[in-house]
Amino acid sequence: MSGSRLKHHGQFINYDKPIKFTFDGKEYHGFLGDTLASAMIANGKIILARSFKYHRPRGIFSAGPEEPNALVSVRSDGRLEPNSPATTIELYDGLDAYSQNAWPSLSFDIMSINQVFSPLLVAGFYYKTFMGTGQKFWHFCEHFIRRAAGMGKAGLEADPDRYEKSNIFSDVLIIGGGPAGLSAALQAASNGETITLVDENKHFGGSLYEEQGTIDGKNSSSWIEDTLKVLSEYDNVTMMTRTTVYGYFDDNTLGAVERVADHKEQPRKNEPRQRHLKIFAKHVIIATGSLERPIVFAGNDTPGVMLANAALRYANRYGVCVGDNVAIFTNNDDGYNTAHQLRNLGVNVTTVIDVRKKVDQTLITDNNIKYITGNVVTSARGGKALSVIKIAPYDMPTKTIGKEKKIKIDTLLISGGYTPTINLCSQTGTPAVFDNEIQSFIPGPPTRKWEACGAVVGNFTLEEIFIDNKIKNGNKKAIPFALTDIPSSNNSAKKFIDFQHDVSVTDLKIAYTEGFRSVEHLKRYTTLGMAADQGKTSNMNALAIMAELRGVTIPEAGTTRFRAPYKPVALGTLAGRSVGNNYRVIRRTPMHDWHLAHGADMIEAGIWYRPQVYKKNGETITDAYIREATAVRNSVGIVDVTSLGKIDVQGPDAAEFLNRIYANAFLKVPIGKARYGVMLREDGCMFDDGTSWRLSETQFLMTTTTANAANVLSEMERLLTLIWPKLKVHVSSISDQWAGMAVAGPNSRNTLEKVIKDIDFSEEGLPFMGVTDGTINAIPVKVSRLSFSGERAYEVFTATHHGITIWKNIIQAGADFNITPYGTEALGTLRIEKGHISGPELDGRTTMSDVGLGKMASSKKRYVGSVLKERIGLTDKMRKTMVGLISHDYQPLKAGSLVLEGSKNIGHLTSTTYSPALNKYIALALIQDGNTKIGNTVTAVFPLKNEKSSALVVDPHFYDKEGKRLYV
Amino acid sequence: MSDKILINEPHFNSMVLIKSWPDSSEIMNKILEKYLSLSQLPKVGEFIFQDNIYCATLSPGHIMLFSFRENLCPEITKIILPEIAAIIDVSHSRRGLRIQGKSSTNLLNKGIAINLSEDNFPELGVLQSSIHSIGIILLKLEPNNYLIFSYRSFFDSFYAWVIDSAKEYGYALS
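Those protein sequence lines, which keep their order, are chains A and B. Read in order, the letters of the first sequence correspond to residues 1 to 968 in our numbering. Read in order, the letters of the second sequence correspond to residues 969 to 1142 in our numbering.
Source of the hints: derived by calculation from the structure; they are not laboratory data. A hint or two may mislead.
What the hints assert, rightly or not - With a cut-off of at most 30 Å between alpha-carbon atoms, the simulated DSSO-like pairs for lysine-lysine come out as follows:
(1) Lys202/A with Lys1046/B
(2) Lys1046/B with Lys278/A
(3) Lys282/A with Lys1002/B
(4) Lys358/A with Lys282/A
(5) Lys449/A with Lys165/A
(6) Lys782/A with Lys1046/B
(7) Lys1046/B with Lys165/A
(8) Lys477/A with Lys449/A
(9) Lys229/A with Lys1046/B
(10) Lys405/A with Lys218/A
(11) Lys726/A with Lys1135/B
(12) Lys972/B with Lys264/A
(13) Lys26/A with Lys202/A
(14) Lys726/A with Lys1011/B
(15) Lys1046/B with Lys269/A
(16) Lys229/A with Lys282/A
(17) Lys165/A with Lys278/A
As the list claims (entries may be wrong) - So, partial list: chain A residues that the calculated Cβ filter (under 7 Å) puts toward chain B:
(18) Thr133
(19) Gln135
(20) Lys136
(21) His139
(22) Asp653
(23) Ser732
Built from N, CA and C at the ideal position, the CB exists for glycine as well.
Based on the sequences and whatever the hints tell you, model everything.
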């Protein structure tokens, strides 16, 4: 096979725009409109890849998305995209493409030695070789197997291009812009419904470009042009090329990929490379056409063997000749049509070999072609380029061949009929039905709002598609003569069915012999049809061979259900813009900018951004949090607690509701008081904790942990909707309504007294857990006397809009006391010193008793989790309970470290810090039967860094256990 | 056809969420109808603009009021007692963004998986959905003219999404 440019000008080629590109680093030339495959054939190169398993040289086999062989990598660095069919890559100036699966080069691939071992590398190789040999042997071999097998390699750098997502809504979605799709669009356009017409190719028209007949007196090209012009004038019609519908999901929702800029070296600024489309269609018309079917014979993967229709497309569309001496092997009339068209375009077709003995004599029209009927191609040979084929008479009833004869050619085109592209129909769950005439499966009756038309239902001719139009001289229908694999005198030659996964007839026979009869088992055991091409060219032949092996008909053998995606979808397309800074949304508090302006290192807490520490003068994080925590203990600090979940609980039954969801009593919380509460899950483990402030007889303001706010609200809604629908309670998120700040430390009262004049801050006026309203410079605030730090402290809530104003006012008021803003690190230090629990202790496995809150749980009422918290597993004496640890050797303890008693693992560290109050490294830990271990020495082990520390087990309340500091 | 999209942030001084009890929704409706001088509250999924108040029915018995007026919540609290409905002041919870222009529907449908075309979602419609994982309430004021409310803490992210998405399509923002 030695390709070249024809004198005939390809319909898609712009000869005024030459293009330079490289393949494996070598420069080649093509034209605008070429695909990589057409340009490479024109440059005389047909081998673009090696096969998956045996590393056999493989030539370009098709001209479309069904290509099983010519998979290449395009672009480089972050833009590298492996496993792209060269037949669908549009050429552009500067395109860099690379072969795959070959080393050191495509022409000399050391791994082609695999062919020597091919008798071992058959179906079930992994099961047969590695089962029972032990994991060590497998791991030893895995390294080499992974290097030897596989396709292209993914790039390691981040893709700099933009990928997007969008939604499309359409009354009618037409998939496929060939004759059937365009015809359907014309009919539907005038109805006024919104129509979306998509085609995966650059051009609408599909098979019409190779159609010789006329439609309404126009040749096919003119008809396409006129039809597109008409459709473009409809406002209700949207036409999209380069758009592949890859999946048909529930409720007429379809997934598609629009290749917006794949045909450019780089997308324009802000232009996505690809766009993922979710299409919601009321009605879908599937006009996905058909794909030519190969014929299975010995050596059918020799470079130079190609689908006949592909050769015609290269000649007609791209002006490319696939070879100098071309033969066609067919089992249907379409092979003749292809031969004659190719000759008219200037391709030297010398021979047509037809398996059928009796052929319509009107097909035999060209004296320059030798027509050989009743014969088959028994083998093709040539190594890296086809040089000779053997043909022989074929007796269909006995499936035997006569005497073989050699014919020297460089290109063999095969035409085994057409297989409807039923993938999307199959994805809807509709079983396929076998059409005996075309020897293939077509879609069964639709189970959803879709219909199929055109070649996908076996209507291959224009007469069948355009029933109301006047078609003249249309192409004849390809009605194939049923074939399975063709016998050969060379028993060692491989007959491939699935080129992309190197599955041969031998593999099928082995699978059958070993008892794999169902097509589903056959598929999985041999991996047939499981490559990136989803078996587009292999499935029908495989089914026919399997049916023959079983002695049943093809419909009796059945077919597998196709699954999405019809074509591979890049991970970048699925990710869309959810990468980098856009990976997820960010929640900011109203004080966000202030924090940044004052040196805060921000940290994600859930999706909130919170200050971790405010660094000063070259401080480390540790320096900063120690300074901040010390300031709180000694004077006053302020921390942004806006991110706390806040839920409005309102209604006549609000108190009753809280009483049922909290483990402790809530019925009698007085108005103007807050209460700390713990929620359990139904299984008795702790769910969340927080305070609820009673604002009126019927209204509470509940706070939750930052991370759990949405879960708590969701659970409350579930309970009210499903479990207690008669309770008159509504819950609403008001997290964004309130900005919150905690003012903590012995000077917190002094600070607030300076700025809030209308609140009595005395012990009587605002006692511990008291809640009241006041104002700061006429701005309303809600003040609650709560403490997470163990110091006298107040939480000040104000409307979010006023958050920054109030924050600044309090900072100003605290200036005399050297008020210190503190972040989450100091917040953690202060609460660990006090032995207060937080997220690390609320890990979904702990009970109230585990963390020392068991006595809080009411025994006088029923509440969520009250029954199951008493089950044996949760009351076991040996459960892990919370203790404190103090590092013996003044070494930091690492959260997550294992706690060993001797060599026995008895628990783990949950939270750690340096305690400025104790001047020691401390931690909270959950250890087995922890209460009895107070005073013992344990070892904290951090295996990831091979670190060990000795620690003393102590009461988890390291600091001010009596709570006297709350009243300082 | 212009691809210009106009965006601006109207400042609403009051937003009130009103949730009735199952047995009191009719009473609540009557009170609100009287308060707003309406013969009938909007149906579920619709809103009306009356007396400088956008009144939207989000779901059965759930009404949301948006207004440029101040102190709407105290007014509502006076006329609707806790026995009739829960009144939640969310005036500071959300920020609104008005998006208008011929391509605004296309822009929004990029993020909202609900058909915003006139046939499916006519003007004076309201819906709750999400854009880029951000919960929103969307009011369709007229064709290609929307008022969208997101939670305040998400607003910067939401605004960034609008700007970024407009760039993708090459729409000019002003």
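Structure-based check of all given hints:
A threshold of 30 Å between alpha carbons decides the hint, and for Lys202/A with Lys1046/B the separation of about 65 Å lies outside it, so the pair is violated. Restraint check: the Cα-Cα separation between Lys1046/B and Lys278/A comes to about 47 Å, which exceeds 30 Å; the hinted pair is violated. Of the supplied pair hints, the one linking Lys282/A and Lys1002/B is violated, its CA atoms being roughly 41 Å apart against a limit of 30 Å. Proximity of Lys358/A to Lys282/A is assessed by CA-CA distance (about 48 Å); at most 30 Å being required, the pair is judged violated.
With a CA separation close to 25 Å, the supplied pair Lys449/A and Lys165/A stays within the 30 Å bound. Taking the CA atoms of Lys782/A and Lys1046/B, the gap is near 21 Å; set against the 30 Å cutoff, the hint holds. A distance of roughly 47 Å separates the Cα atoms of Lys1046/B and Lys165/A; the hinted pair therefore is violated under the 30 Å criterion. Restraint check for Lys477/A and Lys449/A: satisfied, since their Cα atoms lie roughly 29 Å apart, inside the 30 Å limit.
With a CA separation close to 64 Å, the supplied pair Lys229/A and Lys1046/B exceeds the 30 Å bound. Distance restraint check for Lys405/A and Lys218/A: the Cα-Cα separation of roughly 45 Å exceeds the 30 Å cut-off, and the hinted pair is therefore not satisfied. Between Lys726/A and Lys1135/B, the direct Cα distance comes to roughly 50 Å. Violation of the 30 Å bound is thereby established for this hinted pair. Of the supplied pair hints, the one linking Lys972/B and Lys264/A holds, its CA atoms being roughly 26 Å apart against a limit of 30 Å.
Of the pairs offered as hints, the one joining Lys26/A and Lys202/A holds, with about 26 Å between alpha carbons and a cut-off of 30 Å not exceeded. With a C-alpha separation of about 25 Å, the suggested pairing of Lys726/A with Lys1011/B holds against the 30 Å cut-off. Using a Cα cut-off of 30 Å, the hinted pair Lys1046/B and Lys269/A is violated, with the two alpha carbons roughly 55 Å apart. At roughly 25 Å between alpha-carbon atoms, Lys229/A and Lys282/A fall within 30 Å of each other, so this suggested pair holds.
For a cut-off of 30 Å, the pair hint linking Lys165/A to Lys278/A stands: about 8 Å separates their Cα positions. Interface restraint check for Thr133/A: the shortest CB-CB distance to chain B comes to about 48 Å, outside 7 Å, so the restraint is violated. A hinted interface residue such as Gln135/A counts as satisfied when its beta carbon comes closer than 7 Å to some beta carbon of chain B; here the least separation is about 41 Å, so the hint is violated. At a threshold of 7 Å, the smallest CB-CB gap from Lys136/A to chain B is about 46 Å, leaving the interface hint violated.
Here the hint on His139/A is broken, as its CB sits about 41 Å from the closest CB of chain B, past 7 Å. A hinted interface residue such as Asp653/A counts as satisfied when its beta carbon comes closer than 7 Å to some beta carbon of chain B; here the least separation is about 10 Å, so the hint is violated. The beta carbon of Ser732/A is positioned within 7 Å of a beta carbon in chain B (closest approach about 5 Å), and the interface hint is therefore held.
In summary, the numbered hints that this structure violates are 1, 2, 3, 4, 7, 9, 10, 11, 15, 18, 19, 20, 21 and 22.
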